[in-house]
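Protein chains in written order, with this note's numbering: chain A, 1 to 457; chain B, 458 to 637.
Warning: the hint list may mix true and false statements.
[Said to hold, decoys possible] Okay, the calculated beta carbon distance ranges per label pair:
1. Ile142(A) with Val574(B): 22 to 30 Å
2. Leu519(B) with Leu199(A): 36 to 44 Å
3. Glu451(A) with Leu523(B): 42 to 50 Å
4. Val553(B) with Ile375(A): 46 to 54 Å
5. Met148(A) with Trp582(B): 29 to 37 Å
6. Ser520(B) with Trp359(A): 47 to 55 Å
7. Leu523(B) with Thr147(A): 24 to 32 Å
8. Tyr512(B) with Trp342(A): 50 to 58 Å
9. Pro468(B) with Leu49(A): 47 to 55 Å
10. Thr147(A) with Ser520(B): 24 to 32 Å
11. Thr365(A) with Leu523(B): 44 to 52 Å
12. Ile142(A) with Glu605(B): 48 to 56 Å
13. Leu629(B) with Arg36(A): 49 to 57 Å
14. Ile13(A) with Gly484(B): 43 to 51 Å
[Said to hold, decoys possible] Which chain B residues stay away from chain A? Per the calculated CB distances, all over 10 Å, these:
15. Ala479
16. Ser486
17. Ile596
18. Thr616
[Unchecked claim] Okay, derived cross-link-like pairs now, SDA-like style, lysine to any residue, Cα gap no bigger than 20 Å in a straight line:
19. Lys155(A) with Val539(B)
20. Lys155(A) with Arg478(B)
21. Lys155(A) with Gly542(B)
22. Lys155(A) with Trp530(B)
23. Lys155(A) with Val627(B)
24. Lys155(A) with Val553(B)
25. Lys155(A) with Ala546(B)
26. Lys291(A) with Ile279(A)
27. Lys155(A) with Tyr526(B)
28. Lys299(A) with Ile369(A)
29. Lys155(A) with Ala522(B)
30. Lys155(A) with Leu141(A)
31. Lys155(A) with Tyr547(B)
32. Lys155(A) with Ala534(B)
Simulated from the structure, these hints should not be mistaken for lab results. Beta carbons are placed, not taken as given, at the ideal position from N, Cα and C, and that holds for glycine.
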Amino acid sequence: MNLEPAIAAPVLIGRPSDEALTTQLLEPMWRGYTRRFVLALLVTAVGTLWLLFAAGYTVVRGIGVWGNNIPVAWAFGITNFVWWIGIGHAGTFISAILLLLEQRWRTSINRFAEAMTLFAVMQAGLFPLLHLGRPWFAYWLIPYPATMRVWPQWKSALPWDAAAVSTYFTVSLLFWYLGLIPDLASLRDRAPDRARRILYGIFALGWRGSARHYRHYRLAYGLLAGLCTPLVVSVHSIVSSDFAIAQLPGWHSTIFPPYFVAGAIFSGFAMVVTLLIPIRRFFHLENVLTKRHLENCAKLLLVTGWIVFYAYILEFFLAWYSGDTYEQYTHWHALLGGPNAWVFWLTLVCNCVVPQVLWSQTARTSEAILLVVAILINVGMWGERFSIIVLSLQRDFLTSSWRIYGPTWVDWSILFGTISFFSFLFLLFLRFVPFIPLSEVKELKSELVHEETGHHP
Amino acid sequence: MMRRGLLAEFPTGDALIAAVRALHQEGYSRFDAFTPYPLPAVQRLLGWRRSRINYIAAFFGLSFALGAYLLQWWTAARDYPVIVGSRPAYAAPAFVPITFEMCVLGTSLSVLAALFVIIGLPRLWHPVFAIPGFERATIDRFFLGVDESDPYLDRDRTTRALLDLGALRVSLLGEEAPPP
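Start from the sequences and build out the full structure, keeping to the hints where you can.
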C-alpha cells in the first residue's frame, strides 16, 4: 500500500557524490568551536552544575526539601521521570519501528533521535534514584542473597520499572552504537590528525566495511530493531502500571498502557522536532533534513495527538460509566476545578487544540510554526503527567487527608537542571559524533539513483 | 577472513557488482568486498546464506526468560514468600513483565556478542589497512578482494581481468610487513 502523498518533498535534495556527502556530514566534527556553540555549552554546563547542586542538596538534607508529602507522595519527581522516558520513546520509534516499516525518511534523523533517547533515559533514571532518599541503596532492587534473606517484591510495579528502564537504556545504547560503527570508521579514515585517528579508530573497533561482516551486521541490526519494537511498548506500559495497579481514582484504569505509549510517542516526536529544526538551520542541512522530514514528523504529531485526545475523552467517559463516586469526583471536580486545575486546562490547550494547526500543510512545513507547536506540546505533555499524578493525589478518598501540592525551588532546579544536562550531552554529541548516519544516507542515495535510472545491479 | 590475495579498487558499487558477476561466472568463488555501505547484490550473487545469529540469540533470549521466571518463582514462592493483602505467593501474571524484559536483554546482549565473535571485531589492525588508498573504503571507493586460496586465482591473469572490468588499481594484499 502506498501511503505517500501525491506531492511530497524529496527525502534527499540533489544527488551529491559520496565524497561530497561525507565532507558535508563530517564537517561539524572538524569545524572547531564557534562562539555560539561555546556559549550554548557554557550555559548548559552551568545548568548541569546547578542540577548537581540540587541533587546533592536533596541527598544531604533528605527528600523533605521537595514539595511532595502525604497524600501527594509523588509529584515533580515522577512527573519528570515519566516525561523524560516518554521523550525517549520517539527515538526508538524512529530507529526501530520505522526501520522495520521500511520508511526511508527515517534514515537522516534516526541517529540523533536515538541519541535523544539515550540522554532522555539518563535524565529519567535520576528521579527514582533521588526519590529513594538514600540512593546508595538502589541496589536493593537487584535480587542478591542479602543477610536479611528477603528478596525484591515482584508483585510491585517498581521492580518491573527498574528492569524495564535499565533494559531499555542498555538495548538503546547497543543499538545506537552498532549503527554508529561504520560512521566511526569513516571518521577514523577522515581524521585530520593522528590523535583523533587513533581515538576514533579505537571506537570504530577496526571496522573495514567487509561484505562478510555486513552480512551478519545487517541481520544483527535488524534483530535489535525487532527487539526494540516490543521493548518500547513494554517500557511505557510498565511505567503506566505504576499508576494503573494502584487503587487511586484517576489512576486505576486499564486504558493506561496504550494511552501512555501513545502519549510517549507524541511527546517524543515533539522533542525530535524541537531538536531537528535548530540542527537543520545551524548546520545547513536542508538537503538531507528536508521539508519531507518536517512534514512527516508533523503528521505523526497530529496522529498521536488525536490518540491522546481520544484517551482523554475515554477517561472521562469511563469515569462516568463506572458509576464510581470517587472516579467521578476526581474527573469532574479535581481535574476540572480543583487546586492546580489550570495545569489540566493548559494540557488540554497544548495537546488537543494547538496540534490542530498541523492540518495545514503550510504549518507542517514551516520551521517557525512547527517549532512553536512542538515546544507547546512538550509543555502540554509535562502538564498531562503532572495532572494525572498530582491532581489525583491531592483529592483522594478522605476529605480529611486532602492537601494542596506546591513545588519548592529544589523541584524546579532539578527539572530545569535535567533539561540543561540533556542539552549539554546533546551538544557534546553534535560536536563529536556523526549525527546524520553517513553510511545509511549514502546507501539511500545510491538506492534513489538506481530507482531514477531504472538500473538495478 | 581475507588476509592475502588481490585487492581491486572500483569507483562505484555498480562496477564492483559487475566485476563480481563476471568473475563468479568464470569460476572464482572466494571474494570479499570492502565498501562504504552494504551491497546486498554481492551477497546474492555469491549465494551466501542468511546469517545464523538469530538462532544463537533465540537460545540466549529464551534462557534469560526462563532464568528470570524461575528466579522470581523461587524467591517469591519458595525461599521467602512475603504475603501482602493475601495475594498468592506464586503470582504468575506479575512475573511476566520482568520475564519479558530479561528476554529482550538476553537476546540483545547475545546478538551483539555473537556478532563480534563471528566477524572477529574488535581487531584494530588488518592487512587491508596497509593498502595505500584503502582509507577511502569507508568514504567513496569500493574494494573487491579475491582471496589467495581461490583455485582460479593467478596473479597476472586475475589482475588483468580486474583491470579490464574497470578496476582503477589492483594491489597485492598481505605482502608487505605490517607497520611497526
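How the hints compare with the structure:
Distance hint check for Ile142(A) and Val574(B): the Cβ-Cβ separation is about 27 Å, which falls inside the suggested range of 22 to 30 Å. Leu519(B) and Leu199(A) have their C-beta atoms about 39 Å apart, which keeps the hinted 36 to 44 Å range intact. At roughly 46 Å, the beta carbons of Glu451(A) and Leu523(B) sit within the given window of 42 to 50 Å. A beta carbon spacing of about 38 Å between Val553(B) and Ile375(A) contradicts the range 46 to 54 Å that was offered as a hint.
Restraint check, Met148(A) to Trp582(B): a C-beta distance of roughly 52 Å breaks the suggested window 29 to 37 Å. For the pair Ser520(B) and Trp359(A), the beta carbons lie near 50 Å from each other, so the given range of 47 to 55 Å is met. Taking 24 to 32 Å as the suggested C-beta distance range, the pair Leu523(B) and Thr147(A) conforms, at roughly 28 Å. The supplied range of 50 to 58 Å is met by Tyr512(B) and Trp342(A), whose beta-carbon atoms lie about 57 Å from each other.
In this structure the hint that Pro468(B) and Leu49(A) lie 47 to 55 Å apart at CB holds, the actual value being about 52 Å. The hinted range of 24 to 32 Å is satisfied by Thr147(A) and Ser520(B), whose Cβ atoms lie roughly 29 Å apart. Hint check: Thr365(A) to Leu523(B), Cβ distance near 51 Å, so the stated range 44 to 52 Å holds. For the hinted restraint 48 to 56 Å between Ile142(A) and Glu605(B), the CB-CB distance of approximately 51 Å keeps it satisfied.
Between Leu629(B) and Arg36(A) the beta carbon distance is about 50 Å. The supplied range of 49 to 57 Å therefore holds. For Ile13(A) paired with Gly484(B), a C-beta distance near 44 Å keeps the hint of 43 to 51 Å intact. Consistency note on Ala479(B): stated as away from chain A, and its beta-carbon is indeed over 10 Å from all of that chain's, at 12 Å minimum. With a least CB separation of 13 Å from chain A, Ser486(B) remains clear of the 10 Å interface cut-off, as annotated.
At roughly 5 Å from the closest C-beta of chain A, the C-beta of Ile596(B) falls inside 10 Å, breaking its exclusion from the interface. Residue-level check passed: Thr616(B) sits 21 Å from the nearest beta carbon of chain A, beyond 10 Å. For the proposed pair Lys155(A) and Val539(B), the alpha carbon gap of about 10 Å is at most 20 Å, so the pair holds. Proximity of Lys155(A) to Arg478(B) is assessed by CA-CA distance (about 60 Å); at most 20 Å being required, the pair is judged violated.
Only pairs whose Cα atoms come within 20 Å are accepted, and Lys155(A) paired with Gly542(B) is accepted, the gap being roughly 11 Å. Taken as a hint, the Lys155(A) and Trp530(B) pair is honoured in the structure, with Cα atoms around 11 Å apart against an allowance of 20 Å. Taken as a hint, the Lys155(A) and Val627(B) pair is broken in the structure, with Cα atoms around 65 Å apart against an allowance of 20 Å. Proximity of Lys155(A) to Val553(B) is assessed by CA-CA distance (about 10 Å); at most 20 Å being required, the pair is judged to hold.
Only pairs whose Cα atoms come within 20 Å are accepted, and Lys155(A) paired with Ala546(B) is accepted, the gap being roughly 9 Å. This hinted pair checks out: Lys291(A) and Ile279(A) have alpha carbons roughly 14 Å apart, not beyond 20 Å. Taken as a hint, the Lys155(A) and Tyr526(B) pair is honoured in the structure, with Cα atoms around 13 Å apart against an allowance of 20 Å. Taking the CA atoms of Lys299(A) and Ile369(A), the gap is near 14 Å; set against the 20 Å cutoff, the hint holds.
Among the hinted pairs, Lys155(A) with Ala522(B) is consistent with the structure: their alpha-carbon atoms are about 17 Å apart, no more than 20 Å. Note on Lys155(A) and Leu141(A): the hinted pairing holds, with a Cα-Cα distance of about 13 Å set against a maximum of 20 Å. Our distance criterion of 20 Å between C-alpha atoms is met by Lys155(A) and Tyr547(B), whose separation comes to about 10 Å. With a CA separation close to 11 Å, the supplied pair Lys155(A) and Ala534(B) stays within the 20 Å bound.
Figure legend: structure checked against the earlier numbered hints; hints not met, in rising order: 4, 5, 17, 20, 23.
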